[in-house]
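Asker: If you read the protein sequences in the order shown, they are chains H and R.
Take 53 as the starting number for the first sequence in the numbering used here and just add one per residue.
Take 5 as the starting number for the second sequence in the numbering used here and just add one per residue.
Note that these hints are calculated values from the structure, not bench results.
Some hints could be false.
[What the hints assert, rightly or not] Computed list of lysine-lysine pairs in DSS-like fashion (alpha-carbon distance at most 30 Å, straight line):
1) 226(R) x 121(R)
2) 106(R) x 429(R)
3) 37(R) x 582(R)
4) 490(R) x 582(R)
5) 565(R) x 121(R)
6) 117(H) x 582(R)
7) 117(H) x 37(R)
8) 117(H) x 30(R)
9) 121(R) x 490(R)
Since this is a predicted model, take the numbers as computed values, not measurements.
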Amino acid sequence: MNLDLRVPMGMLFTIVGGILSVFGFFTRGSEIYERSTGININLIWGIVMLVFGITMYTLGRRADKRPRSQPAEGTTRPLGHGQGGP
Amino acid sequence: MHLTLIDWLIMLLYFVFVLGIGFALKRFMKTSKDFFQAGRALPAWICGLAFISANLGAQEVIGMGASGAKYGIATSHFYWIGAIPAMIFVGVFMMPFYYGSKARSVPEFLRLRFDEKTRAYNACSFAVMTVFSSGISMYAMARLIQTLHVFDSLFIHLNMPVGWIFHFAIIISALIVLGYIFLGGLTSAIYNEVLQFFLIVAGFLPLVWIGLRNVGGWNGLKATLPSAYTHSWQGMTNPHTNPLGVEWFGLAMGLAFVLSFGYWCTDFLVIQTAMASDSEESARRVPLIAAVPKMFFPFLVILPGLIAIATPAITQHAMVHAPVVGTSASALVTADLNNSATMGRGLIPPKVNPVTGRVMTDDNGNVVLDYDLAIPNMLLFYFPTGILGLGLTALLASFMSGMAGNVTAFNTVWTYDLYQGYIHKNASDSHYLRMGRIATVGGIMLSIGAAYLATSFNNIMDTLQLVFSFVNAPLFATFLLGMFWKRTTGHGAFTGLVSGTLAAILHHGLTLPAGSQTGIHGGWIAVLHSYPSQMAQNFWTAIWAFWVNFFVTVIISLMTKPRPELELVGLVYSLTPKPVEHHMAWYTRPKVIAVGLIAMLVTLNLIFR
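With the hints as extra help, turn the sequences into a complete structure.
Answerer: Given below as structure tokens:
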């Protein structure tokens, strides 16, 4: 397959993480964080997701540039009795 | 529930990406193999995460949170001894036969090993089961969306009747799942399962973190909750002294052996992800990779249940109100709900009868708690807007991928095993590819039908799930004998399977869990034995089914003519060269990984004993 999952997944996490951290940054000290025991969870978790997303995206892009090895179907083990085998 | 723009934006983004992945994959779907088997070209880690995600539907997430709240950390048995040993076994011993035989589905493997009738029996029961499972998933999602009032403000804003929300939820989820499978087949389903895996972690990890912080960490939980809640093995010598109502033998034999091996080693829903990997070595590694996160998932899905019980209840946060506004009972409901917050436990509200609006009580007058709301209420209680959108997205994602796994398993089994096998044998590959797409549409339509069936006859779903459990319980004996005893014959396997199912039905009809009425809970023939809990009854039904199948298969096999050994090469352990591992780095060898996993499993059980 020629689409590395890490690319779209990295993009999604980067965007969501970005949104959360920006939102968290502008709502510092807001009363909405009473629920989360005073932690600005949007900012902290947004940054975590952002870092994860960028890492995934980069890894996926790098792997896309390398040529893939051909998958080996079935088994490569010799099965004996003239059935298949290398 | 109050959602703001930012929550909606996150949910919307997820849907855009899900469909986007489908569109991006469309151009790679050239042959039926691309569509049904993901071209057998996916890396092991992706298949490994999809392997556990396929099982991690939202009923599983909600159900595990509910059991966590009800039984405590003992629920982890379903993730530890109830999954890990079976996942190791399928990876180390069984995968070489599934993958190496080039079978395209589990029923097809049964045809290669045994005969047509065994395959047909398995394919038919499996196909029906997948359709209903995905229908139940759809129904549960629509109900949850309704209960949590996710779309209420949107509907009121758009001037649409709130009563349509249920239909809207069903149709939109059906369309999205249909869209991405139709376009990208199994690859799309697997990619979305992996995406869902990371979303669940991203959504639930902060929940556990904040929740634990609030209740004073693990030690705080231990101090607040009864000690049975924080120990998984306490009182296991006697079914009456532990919350599950099962003794260790029933647990080990019923759950850890029969049920768990029957599911993880034979259910095409999970096996299909391993069979999509790019080589036999990868396929063997898939369940082993999956076992690592599986082992730690109790901390993400069961722990919130415990935290929900331990969280001090604050009345204004009892956010989940029962029925739809506008029913005649609504005035009554409000009155009842005002004191219902005090009847609940932690964040778990009492169960409310949707018709009368009254809090439900059991025969002894105790309030029945709605444990299924443990996880949703945790999200609503601890998450501020923003991350709340992420938490809900994770929940919706798990509903959808639960459906998607069933739909791809259905379209493969339908097209390869039933359509190609019995209806239209020698068509071109593009014909089967087209049939796969048609089967996807058909499967989803049938699921919608099943979802609506569940709305009108709730008992039908319970009955069906019960019937499926009878069909599944004996399955592992057939595979075990088939793969490891060359003498097993097709007639033996088929007769064994049918007898095992009959044994399960009979056992269910003759036993009853304590405190239950005869009927759907058992005892509908006569009550010969009473179990301390329904769980104990389930485990023992499975144990009986397994052993009856085992012995009947052995006896009939010995009486019938075996197949020539030459035909069984690659299908039976003793006739197939063992997979060689010496060329792999030591830490990538399946057996080494297996030993490491067992060590981790033992450690976890010792810590939470």
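Asker: Give a verdict on every hint.
Answerer: Verification of the supplied hints:
| no. | hint | result |
| --- | --- | --- |
| 1 | 226(R) x 121(R) | violated (54 Å) |
| 2 | 106(R) x 429(R) | holds (18 Å) |
| 3 | 37(R) x 582(R) | holds (27 Å) |
| 4 | 490(R) x 582(R) | holds (15 Å) |
| 5 | 565(R) x 121(R) | holds (16 Å) |
| 6 | 117(H) x 582(R) | violated (36 Å) |
| 7 | 117(H) x 37(R) | holds (25 Å) |
| 8 | 117(H) x 30(R) | holds (21 Å) |
| 9 | 121(R) x 490(R) | holds (19 Å) |
Against the hints set out earlier in the document, violations occur for numbers 1 and 6.
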